[in-house]
Each structure stands twice: as structure tokens, then as C-alpha cells.
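Student: Below are the chains, spelled out letter by letter.
Protein chains: 2
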Amino acid sequence: MYAIIGTWKMSCEGVREAHAGLARGGAAEDAVEQAIRAVEDEPGFTSVGYGGLPDHDGHVMVDAAFMNGNTLRFGAVMSAENIRNPIRAARALCGRETNCLLAGRGAEQFAIAQGLPMRDLRTPASMMQWREALRQENRKPDAYREHDTVCVLALDGRGSLIAGTSTSGLFLKASGRVGDSPIVGSGFYCDARYGAAAATGLGEDIMRGCLSYDIVSRMRMGVSAQKACEQAVKALSARKIELGEDAGSISVIALSPTGETGAATTLPVFPFAAGNDRGFGLFAAYPAQDGMDIRASSMQALEGEP
Amino acid sequence: MYAIIGTWKMSCEGVREAHAGLARGGAAEDAVEQAIRAVEDEPGFTSVGYGGLPDHDGHVMVDAAFMNGNTLRFGAVMSAENIRNPIRAARALCGRETNCLLAGRGAEQFAIAQGLPMRDLRTPASMMQWREALRQENRKPDAYREHDTVCVLALDGRGSLIAGTSTSGLFLKASGRVGDSPIVGSGFYCDARYGAAAATGLGEDIMRGCLSYDIVSRMRMGVSAQKACEQAVKALSARKIELGEDAGSISVIALSPTGETGAATTLPVFPFAAGNDRGFGLFAAYPAQDGMDIRASSMQALEGEP
Numbered sequence: 003m004y005a006i007i008g009t010w011k012m013s014c015e016g017v018r019e020a021h022a023g024l025a026r027g028g029a030a031e032d033a034v035e036q037a038i039r040a041v042e043d044e045p046g047f048t049s050v051g052y053g054g055l056p057d058h059d060g061h062v063m064v065d066a067a068f069m070n071g072n073t074l075r076f077g078a079v080m081s082a083e084n085i086r087n088p089i090r091a092a093r094a095l096c097g098r099e100t101n102c103l104l105a106g107r108g109a110e111q112f113a114i115a116q117g118l119p120m121r122d123l124r125t126p127a128s129m130m131q132w133r134e135a136l137r138q139e140n141r142k143p144d145a146y147r148e149h150d151t152v153c154v155l156a157l158d159g160r161g162s163l164i165a166g167t168s169t170s171g172l173f174l175k176a177s178g179r180v181g182d183s184p185i186v187g188s189g190f191y192c193d194a195r196y197g198a199a200a201a202t203g204l205g206e207d208i209m210r211g212c213l214s215y216d217i218v219s220r221m222r223m224g225v226s227a228q229k230a231c232e233q234a235v236k237a238l239s240a241r242k243i244e245l246g247e248d249a250g251s252i253s254v255i256a257l258s259p260t261g262e263t264g265a266a267t268t269l270p271v272f273p274f275a276a277g278n279d280r281g282f283g284l285f286a287a288y289p290a291q292d293g294m295d296i297r298a299s300s301m302q303a304l305e306g307e308p
Numbered sequence: 003m004y005a006i007i008g009t010w011k012m013s014c015e016g017v018r019e020a021h022a023g024l025a026r027g028g029a030a031e032d033a034v035e036q037a038i039r040a041v042e043d044e045p046g047f048t049s050v051g052y053g054g055l056p057d058h059d060g061h062v063m064v065d066a067a068f069m070n071g072n073t074l075r076f077g078a079v080m081s082a083e084n085i086r087n088p089i090r091a092a093r094a095l096c097g098r099e100t101n102c103l104l105a106g107r108g109a110e111q112f113a114i115a116q117g118l119p120m121r122d123l124r125t126p127a128s129m130m131q132w133r134e135a136l137r138q139e140n141r142k143p144d145a146y147r148e149h150d151t152v153c154v155l156a157l158d159g160r161g162s163l164i165a166g167t168s169t170s171g172l173f174l175k176a177s178g179r180v181g182d183s184p185i186v187g188s189g190f191y192c193d194a195r196y197g198a199a200a201a202t203g204l205g206e207d208i209m210r211g212c213l214s215y216d217i218v219s220r221m222r223m224g225v226s227a228q229k230a231c232e233q234a235v236k237a238l239s240a241r242k243i244e245l246g247e248d249a250g251s252i253s254v255i256a257l258s259p260t261g262e263t264g265a266a267t268t269l270p271v272f273p274f275a276a277g278n279d280r281g282f283g284l285f286a287a288y289p290a291q292d293g294m295d296i297r298a299s300s301m302q303a304l305e306g307e308p
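Keeping their order, the protein sequence lines are chains A and C.
Sequence positions in the first sequence follow my numbering and run 3 to 308.
Sequence positions in the second sequence follow my numbering and run 3 to 308.
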């Protein structure tokens with residue numbers, strides 16, 4: 003058995019290639035890295051890696067994480083600049099007993115010392131968008147809309163269960179701001195006995211509920227990957243409403259040790275890519291009366307969606 | 003009802019003063035800040051704030067967090083230099099809808115913009131210890147022994163439940179290394195409906211189990227603060243042993259919304275300070291046959307302990 007799932011339409015090509023690798027007997031670790039690198043390297047995706055939108059000061063500061071559910075070890079970099087593939091730095095840190103979570107210059111120095119390729123992550127298009135946004139006075143907080151993290155979960159035939167995330171974070175974020183993506187338990191969590199989960203959306207909200215750990219905890223209790231996603235998103239958004247806030251922008255994916263997937267969202271629609279030994283496809287989750295409605299979809303049908 | 007609990011002997015004086023403030027009707031938020039500031043300002047405590055031991059490059063890089071269990075909001079700074087009271091910066095960030103978790107220069111700029119006092123956190127004594135350690139060749143990993151975080155949990159008469167942490171992290175840590183202390187769910191978690199928890203020890207291990215969130219989740223299920231601490235520490239250390247590792251260096255505290263405290267450790271002894279409307283004292287937790295043995299103690303009896 004092998005299986006893979008990735009967030010948003012942007013992960014579709016990378017997840018498709020990684021799925022083919024798993025089908026040839028490849029390792030889950032390689033599948034997660036490959037799928038995320040494809041998104042990081044594509045300048046058209048403006049919330050991850052190269053071409054990601056800058057922070058308020060005009061710097062593209064990236065976060066990434068990589069967790070091995072068989073060892074419970076993880077590695078992550080955060081608020082780091084100029085690392086071409088942050089997921090590779092995170093993977094290289096995964097396995098360390100100490101110093102596995104690095105911020106800022108320390109993360110960059112680690113990547114350089116590892117011989118990982120460095121690159122200016124700014125593009126003419128991203129800098130133009132930044133200058134444009136700064137020109138607009140009285141910006142509304144929905145300049146913060148861009149917060150789509152690529153998250154990939156993979157299981158291989160040897161029972162390895164791996165989680166990875168990568169993002170350039172909120173467009174116009176404050177200098178040094180870190181969201182949920184490199185934060186274990188919030189942006190990702192993975193325990194090979196119970197399952198893996200990852201989250202995308204407004205990181206500050208996701209962290210308040212340790213959402214990925216919450217999903218895996220529900221799977222530990224015997225809840226299916228799909229129901230665990232639904233219950234966790236429902237509990238956190240209900241709590242936000244109790245506190246007088248809106249439900250927020252939260253989407254999650256999960257993968258069980260037997261290859262079952264799950265997805266849930268507070269948005270009207272949440273696209274994701276998924277595959278296993280029976281095939282590969284693009285899907286979308288839609289909130290329904292009783293949990294989520296999950297439907298096979300296509301790039302055309304999801305035109306205009308992230 | 004009011005109650006307060008803080009990790010290690012070093013928190014004793016600050017927690018005592020904060021306890022007196024709670025007794026006079028003070029707010030839990032002020033109690034947590036006051037108790038932690040006292041430790042940060044004391045150069046004799048070498049793992050927190052001023053006088054904290056430097057990283058491998060000779061920089062004192064601090065982490066701190068502050069969480070309000072009534073709003074589920076938190077603020078945290080990490081891998082930051084020259085902030086005299088990191089807990090004040092974390093508290094000032096708590097309540098923000100976005101940009102509540104700041105790393106490195108961004109955290110320092112935030113503290114400066116808030117008008118918080120800045121200070122070179124190095125002392126002649128800490129720099130001497132650093133030079134000494136670098137001189138010793140073939141250093142063993144137990145140069146990493148210094149990892150005692152000050153964690154304080156407080157409940158006030160208005161039902162506010164607050165958690166705070168502050169640390170300078172591992173002595174000789176890699177540049178940019180961040181441990182569990184500023185990581186929500188790992189170093190701290192607080193939900194006024196169920197309880198608050200915080201952890202100290204090797205952060206890389208604590209994060210693998212999202213230990214503080216795990217404790218609060220157990221309290222949500224109806225487990226007492228003491229039993230929740232014991233069960234969570236036992237589960238994580240048992241898992242480490244299953245994975246072929248040692249049990250690790252992990253200590254935790256918890257506080258329930260009704261003022262009950264809990265403490266557990268993998269060490270031979272774990273000192274903590276605690277008080278409520280019936281009094282204040284120094285205590286120690288000792289691993290016993292069936293969970294923990296918690297005993298009232300004294301500075302003399304705990305001579306030589308951290």
C-alpha cells in the first residue's frame with residue numbers, strides 16, 4: 003500500500019510525479035520532498051518558495067518542516083531567506099537529536115553548510131505586487147489573503163509515514179512573523195502508528211488549536227482520517243465563534259497508516275491532490291450538512307480556486 | 003480562588019511575590035509577567051534572560067511565550083537578542099490576530115517599537131563559561147545540560163488562566179536553534195475551560211509529543227492536573243524507550259481552572275514553587291512506584307538541585 007495527499011491545486015503536478023515515484027517503489031521521504039520542491043521552484047505560486055510574496059519589508063521569508071512518523075523526529079526552518087528549497091533544509095534537519103528547529107540566519111547558515119542551493123526568492127512579479135500593495139493607503143487586513151501553504155503527506159510500501167510543509171507565509175507579514183507551517187503539532191504532525199495531518203490557512207488561528215496534533219489524536223482514538231479532519235476543524239471554528247470571532251480560514255488534510263485520506267475546510271471549497279495504488283486525481287472538499295462532501299474534480303472545474 | 007505554580011527553585015522568589023499580588027486581588031496576567039521577570043533579571047540564573055548562557059557563537063538568544071486561556075490567544079518571541087524582558091515582548095504580542103509569533107530581528111524591532119527596555123544579556127560570568135567550554139576539546143553532548151526554562155501558570159479570582167515561559171535555551175546551541183518554550187502546544191498551552199500546562203527539559207523531545215497540549219487534552223477528558231502530568235510524561239518517555247532512546251529530560255507543571263496543580267518529571271527530583279489561597283511553598287516531585295510523589299520542601303533540602 004502507498005498513498006499521498008497534498009494541499010491546493012498548486013500541489014497537483016508535484017504530487018502526481020511523487021505518486022508515480024511511490025508506484026515504482028519509491029520512499030515516502032523522497033515523495034514528500036519531490037512534491038514540495040516542485041511547488042517551491044515554480045514562480046507562479048505566490049505563497050511558497052521562489053516567487054513567494056514578500057513580507058512588509060520586501061523580504062521573502064520562508065518556513066518549512068519535515069516530520070518522520072516512524073521516529074517522531076522532525077526538522078524545520080523558519081523566517082529564513084534565500085534558501086532555494088526550504089523543504090530540503092527541513093529534511094536535512096529531521097533526525098537530529100538537538101538543534102532540529104532553526105530560525106533566521108542560523109537556518110540559512112545551516113543550508114549553506116549542507117551545500118544546498120541558495121537563491122534570491124524574489125521575482126519581478128512578486129516585487130511589483132509588493133510595491134503596489136505598499137502604494138495603496140488604508141490597506142485592509144485582507145492583504146493577508148495569501149496564506150496557502152503546500153502540505154504533503156505520504157505513506158510508502160515499507161510503512162513510512164512522512165509529513166512536509168513549505169510556505170512564504172502571509173503577504174506583507176511583519177518582519178520575523180512565523181505562522182503554523184514550521185510549528186510541530188500545529189502546521190503538521192505525524193505518528194506512524196496513528197496517522198499524519200497538516201494544515202493550511204491563517205496560521206495564528208491554526209496554532210491556537212494545535213490543529214494537526216488534534217487530528218492525529220482523534221485518529222489515535224480510532225476516528226477515521228476523514229472524520230478526524232471534520233471534527234477538529236469543526237471544534238476549532240466553533241470555539242472561534244464562541245469567542246465572538248468568525249470561523250476563520252482553515253483547511254486540513256490527513257493520511258492514515260492504512261492509506262485512508264481525509265480533508266476538511268471552513269472555506270466554500272478546498273482543492274487537494276491525492277493518490278494511492280488505485281490511481282491519482284484532483285479533488286475538492288465542500289462543507290455539507292453533515293461534515294464534508296468530497297468530490298473528484300478537475301483543473302477546469304476548479305478554475306479560479308487556489 | 004487564585005493559584006500559581008512555577009518551575010524550578012529559581013522561580014521561587016518571583017512566584018512568591020506574584021502569589022502575594024494574587025492574594026491582594028491582582029490579575030493572573032500580571033502575576034505571570036512579574037514572576038518571570040524576576041528570573042529574567044537575575045544574572046545568577048544561567049538559563050533565562052540576563053546572564054543566560056550563550057549559543058555556540060557567543061550570542062544570548064532568548065525565547066519567551068505568553069498565552070491567555072480565556073481568548074486562546076498567545077504571543078511569543080524566539081531566537082531574539084538584547085530584549086531585557088522577553089516575557090514582556092511575548093505578553094505585548096498576545097492578543098494580536100496576526101503576527102503574534104516573531105523570530106529574530108523582527109522580534110527585536112517589535113520590542114524596540116513597543117518601548118521595552120533593551121539590554122546586552124551577556125555577563126562576564128556567562129562569557130567566561132562560554133570561552134571555557136569552547137576551549138575544551140571533544141566536548142560531550144552534556145554541554146547541553148543547561149535547559150531549565152522558567153514556566154509560570156496562574157489563575158486569578160476572575161477566572162483568568164495564563165501561561166508564560168522564558169529561556170535562553172541550550173548552552174552552546176546552534177545559531178538560530180529554537181526549543182519548545184516559544185512553541186504553542188509544546189512548551190505551553192492554556193485553555194481556561196480545561197487547564198494550563200507548561201514543560202521544561204530538552205525541547206526537541208518535548209516538541210515530539212506536543213506535551214503541553216497533550217496534558218491539557220487529558221484535563222479536557224476529566225483527568226486531574228496531577229494525573230494528566232504523570233500520564234503525559236509517562237507516555238512520551240515510554241515512546242522514546244520504544245524507539246530505542248533513553249527516557250529523556252522532561253518535567254512539566256499544570257494548573258486546573260479550579261486551582262489544582264500538577265507536576266511530573268523523568269528526573270530523580272523536580273523542584274517547583276506553588277501557592278493558592280491556603281498558602282505558598284517550595285515543593286519537589288519525585289518519581290514513585292505509582293506516578294509521582296509530591297512533597298513540600300525547602301531551599302536547604304533541595305541544595306544542589308536546579
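In case anyone wonders, no lab produced these hints; they're calculated from the structure.
Hints are supplied without guarantee of correctness; some may be wrong.
As the list makes no split between identical chains, a pair holds if one copy fits it or if it spans any two.
What the hints assert, rightly or not - Calculated lysine to any residue pairs in the SDA-like style (CA-CA distance at most 20 Å, straight line): (1) Lys242 <-> Glu19; (2) Lys236 <-> Pro289; (3) Lys242 <-> Arg222; (4) Lys11 <-> Ala240; (5) Lys229 <-> Arg18; (6) Lys229 <-> Arg133; (7) Lys229 <-> Asp295; (8) Lys242 <-> Ala176; (9) Lys242 <-> Asp279; (10) Lys242 <-> Gly97; (11) Lys242 <-> Arg98; (12) Lys236 <-> Met223.
Student: Run every hint past the structure and note whether it holds.
Tutor: Hints, one by one, checked against the model:
no.: 1; hint: Lys242 <-> Glu19; in the structure: neither (38 Å within a copy, 35 Å between copies)
no.: 2; hint: Lys236 <-> Pro289; in the structure: within (10 Å within a copy, 39 Å between copies)
no.: 3; hint: Lys242 <-> Arg222; in the structure: between (25 Å within a copy, 17 Å between copies)
no.: 4; hint: Lys11 <-> Ala240; in the structure: neither (27 Å within a copy, 40 Å between copies)
no.: 5; hint: Lys229 <-> Arg18; in the structure: neither (25 Å within a copy, 46 Å between copies)
no.: 6; hint: Lys229 <-> Arg133; in the structure: neither (43 Å within a copy, 55 Å between copies)
no.: 7; hint: Lys229 <-> Asp295; in the structure: within (12 Å within a copy, 40 Å between copies)
no.: 8; hint: Lys242 <-> Ala176; in the structure: neither (23 Å within a copy, 37 Å between copies)
no.: 9; hint: Lys242 <-> Asp279; in the structure: neither (38 Å within a copy, 32 Å between copies)
no.: 10; hint: Lys242 <-> Gly97; in the structure: between (36 Å within a copy, 14 Å between copies)
no.: 11; hint: Lys242 <-> Arg98; in the structure: between (36 Å within a copy, 14 Å between copies)
no.: 12; hint: Lys236 <-> Met223; in the structure: both (17 Å within a copy, 18 Å between copies)
When the structure is compared with the earlier hints, violations turn up for hints 1, 4, 5, 6, 8 and 9 and for no others.
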